[in-house]
Every structure is written in structure tokens, then in C-alpha cells.
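Build out the structure end to end from the sequences listed, making use of the hints.
Here's the letter readout for the chains.
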Amino acid sequence: MKEIHISSLRKNRFVHGILTADLIIKICFILIILIIFVCLFAPWLAPYEPNAQKLLARLRPPLPFDRSLAGFPLGTDELGRDLLSRCLYGMRLTIGIALIGSLISMIIGVTIGTISGFVGGVVDNILMGLVDVQIAFPFTLIALLVVALLGSDLFTFMCVVGVAGWESYARVVRGHILALNEEPFIHASKVAGAGIGRIIILHMLPNAASSIIILWTMGFAGVVLLESSLSFLGLGVQPPTATLGSITGYGRNYMASHPYMAAIPASLIMSISLVMLLLGDWLRDTLDVKLKKEEVK
Amino acid sequence: MDFLFPMGLDPSIHYEMQVYFGLDGSYFEQYWKFWRGFFEGNMGISLSDRRPVTEIYGERIGNTMRLFISALLFSICIGVPLGIIAAVKRGTVLSTVIMSVAFLGYGVPNFILAIFMILVFSFSLHWFPSSGNTTWMHFVMPVFALGFSMMASEVRFTRSAMLEILGADYIRTAYAKGLKEIIVIGKHALRNASIPIVSVIGLQVAGFVGAVVLVEVVFSLRGIGELTVNAAIARDYPLLQFGIVLWAVVVTGVSLIVDLIYGLIDPRIRTVK
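Protein chains in written order, with our numbering: chain A, 1 to 297; chain B, 1001 to 1273.
Derived from the structure by calculation, the hints contain no laboratory data. There may be inaccurate statements among the hints.
[What the hints assert, rightly or not] So these bits of chain B aren't anywhere near chain A, every CB distance computed over 12 angstroms:
{"#": "1", "residue": "Ile1069"}
{"#": "2", "residue": "Phe1074"}
{"#": "3", "residue": "Lys1089"}
{"#": "4", "residue": "Leu1094"}
{"#": "5", "residue": "Val1097"}
{"#": "6", "residue": "Asp1266"}
[Claimed, not checked] One side only, chain B facing chain A, incomplete, derived with CB under 8 angstroms:
{"#": "7", "residue": "Val1093"}
{"#": "8", "residue": "Val1229"}
{"#": "9", "residue": "Ile1233"}
From a predicted model like this one, the values you see are computed outputs, not experimental measurements. Using N, Cα and C, we set each Cβ at its ideal position, and we do this for glycine too.
Okay, here's the thing in C-alpha cells:
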């Protein structure tokens, strides 16, 4: 009974937080819901197949402009493919890759951080050394190298994108675990005979959860950016399948005469990353009590 | 390697090509060859250009360094003062505006900023050329696109570092002595705040490299970032390999310089053995 009470209280705090948040945050939440909706229902929302070509209707601008066609609200690209459909499917793929990628980096980071914080000693030194290497070396270049060597099918690409950014999780989780190790309730559960796995999963990770969630929001935006930069460079998923980044990349070739082809997907990427970052900032302010105290000081 | 050869190639020629590229030995022998070449200054020949890769990079590194250093200077010259203002005038409209701009720079990827800048300033207003690297005019937009995101993070860190320092006791003492605000902030606060600021800039150098690559590609600036990307797309392995090595050297070099500056600012670090 007690547990149910606590969880409902937490939920209330979250809902309460949204209702009392700034207007910007409310708009962000609406946008997030919209993005999720669009991603889930892209096949029903898109008027055409994303790769269906209609060569007679090539390079038509969006609706209110000259030469636009009624059936293509956002215009068409160089092969007469409907930009609206392509952007919808592209966004779906971008979000999907970012979701899986950020989950991979979260799992790697949390695991490494837990091991490093719990085992300590030499293992800790080696793992934290790895973290320093990851911070010091430009990840875009590693990604370039890996994609060039292994090719870029969807799975490799997700893994590459997922390996980026694990180091922030590792550092934060390690810090939490080191701090928690000294807490009385952890000592108590050790004395009570709880196994290592039980202590870590039931007692330690829930205490680190809010930090992990905040990092994940930030990391998600980071993965969206990394994915779209790599796709933009032509190193992402192979055509004709497109993500927002590669649509922007192709649009760049026609920028002088057809600016909308790059501008529309580019602004979509921009809004996704801005919305996620704003939400991450807000979450950090509401959930992280420790940080709030520091701010007040 | 096989994808470079045409289909149905004669096996003897295939073997000759492997010997020519030094791919016949074991992995260990190949690795040994790589290191010997590295110290003799022989890093192989580009597969598509048929010239030594060191020569190709030598022509281009100037452009990249020019872009990188001017963007860094631009971001520091704008970002640090803005961060100070945001900290000193916290709670005012000015500070909110600065922080919003910084947030925008943080969240907008720079290739997208670059694309919008080309659309507006090159194609609509015709102020700056959209690509190339011949005159200083060509560098204005790349430097801004690159410097803007750097600036954003510097504003954020400068602000938080300054806020921390401004609450310290010795700042109150300095005010109480009747010193002018500009001296308190410039001499007492900034010198202490500059330590975390410099270390943050040093840590971010690695992240900036990815941004340099993108900006060079968007503006067709012939630097080493664009070259590395094209090598990756064309699978020109010697070229790509040396590119990665070169970038590692650049990043390490810049980090070293930052560390030296660190010691210059903070006497405590100089004396620690």
C-alpha cells in the first residue's frame, strides 16, 4: 500500500510540474506528443510512398509559391518524390535511430559506471581512463572511420551512433554509486544479506534514476544531431531510404534554385533538438533537488 | 580491398596488387610497416590522387587552422564577455536574452546554421560568397557558423563560473573597500573564474573538431576536414588513415596549449610538482 501511495505522489508531482511550468515547456510537451504521433502514424499520414517518383512533377516548390502542385504541400525533390512524405518517414527513422542509439549508450554507460564504481581499484582506473579517451578524441572522426570500414547498414549505424555519449552516463553513475556506498541503508542491506545484484538493481540504480533520465534527454538530442550530421555527410543509411539529415544533404545540392529542399528538413532537425534540450533543462531543474539547492545558494 | 578491383580480375595481377600495397604480410607485419612509415615520414600514397598523402594534407592544413583559430578567437572574444554580463546582470532582461541566444547556439547544429546562413546571406542578400577559400570574405560565414556554437557553450560556462565567484567573500571585501565595479569584476572575479573557463574550452576542443568537419563540407572550404570526409566516402584508406592521425595530433596539440595557458593563469598549478 505504501509503495502505491509514493508512486502516485510522484506522478502527481510530475503532472503538477507540467501544469505549473512555463508556457515554453507546455509548448514543448505538445510538440513532443505531436512528434511521437507523427512518427507512429507516418504510413497513414503520408500522402505518398516516400520513394515513389513522379518525374513529371520534379522540383516543385511548397504550396503558396509559384508552380506548386496541389497534391504536394511541401513540394517535390529532384526525382519528383513528395517532400512531405519523405520528411515524415525520415523523421520516423531519425527518431527511431536516436531512440535505439541513446538506449545503447545508456546501457553501456550505466553498466560501465556501475562496475567501475562498485569494483573500484584497477578496474576503476582502466574504465575511467577509457572515459577520458572517449572525451578527448573527436567522436565524429571515429564514426567516420567505422562507417568507412564497415559500411553503413542500419544496424552498424545504430551501434556507431549508440557508442557515442556513453561516457557521461558512466561518470555520473559511478559518482552516484561511490556516494551511495557510504550510505547507512546500503550498509544495512549488506548486513541483511542482500546480494550484490540486489543492492545494485533495487537500491542503487533507482537513486541514480533521475540523473540518468536527465542525461538521456540531453543524450537523445545529441544522438539526433550526430545521426543527422553523419547522414548529411552521406555516411548514414544508404539511399533511397532517407533520414532528415540525408534529405538535407541532398537538398544542399539544389540550394541555389530550390532552397526549400534543404530548409524544411533542416528546420525539423533543429526543432527536435531544441525541444529535447529545453525539456532536459526543465527536467533537470524540477527533478534534481541537489542541483536546485546549489542554484539557490 | 577487393572492392577496388574490377570483377573477374586475373589472380596473378590480384596478387601483384596486394604486394604493391603491402597487404601480403601478416597483420603484424603490416602494422610494423605502418609505424616504420610513420617515423620515416612515408604515410603512403592516396589511392585516387596518386600523390603522397602528406603532400595533399600539407596543402590544406593552412585553411583548417585559419578557420579553427579564428573561430576560437571569435567565440572567446564574444562568448566570455557575454557570459560575464549575463552573470553580473542576472535576473534582468539582458541576461535572459543572452542566455536564450546561447541556448539557441547550443541546440542548433552548426551545419543547419550554415545552410540557413548561405540561404540568407549568399542567395538572398548576396553579401558573402557561399563557398571557396580565396579571400577573407569566404571565411566570414564559416567562422561565424563554427564560432556560434562554441560561443554558446562558453557563455554558459562563463556565467556559471562567474556566478560562483561573485558570491565569494573576497568579492564582497573588494566592493567594501570601495573599488570600482570594473576593477572588481575584471581583476578579482575574472582571474579566478578564468580557470574553469579555460579548462572547459580545452575539454571541448575535441568536440569542436566534428563541427569543423561539417562546416568545411557545407562551405566547400578546402581544408583537412572536408578531405577526411571525402576519403571516407571514397574509401581512400591511406588518405583517411593519415587524416585521423593528423586530427589526433591537432587535438593533442591544442589540448597541450590549453594546459600550458592553464599554468600561466593559475600560479598554484605552476608550483605543484
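Outcome of the hint check:
no., hint, result
1, Ile1069, "17 angstroms, holds"
2, Phe1074, "20 angstroms, holds"
3, Lys1089, "17 angstroms, holds"
4, Leu1094, "19 angstroms, holds"
5, Val1097, "15 angstroms, holds"
6, Asp1266, "21 angstroms, holds"
7, Val1093, "16 angstroms, violated"
8, Val1229, "5 angstroms, holds"
9, Ile1233, "6 angstroms, holds"
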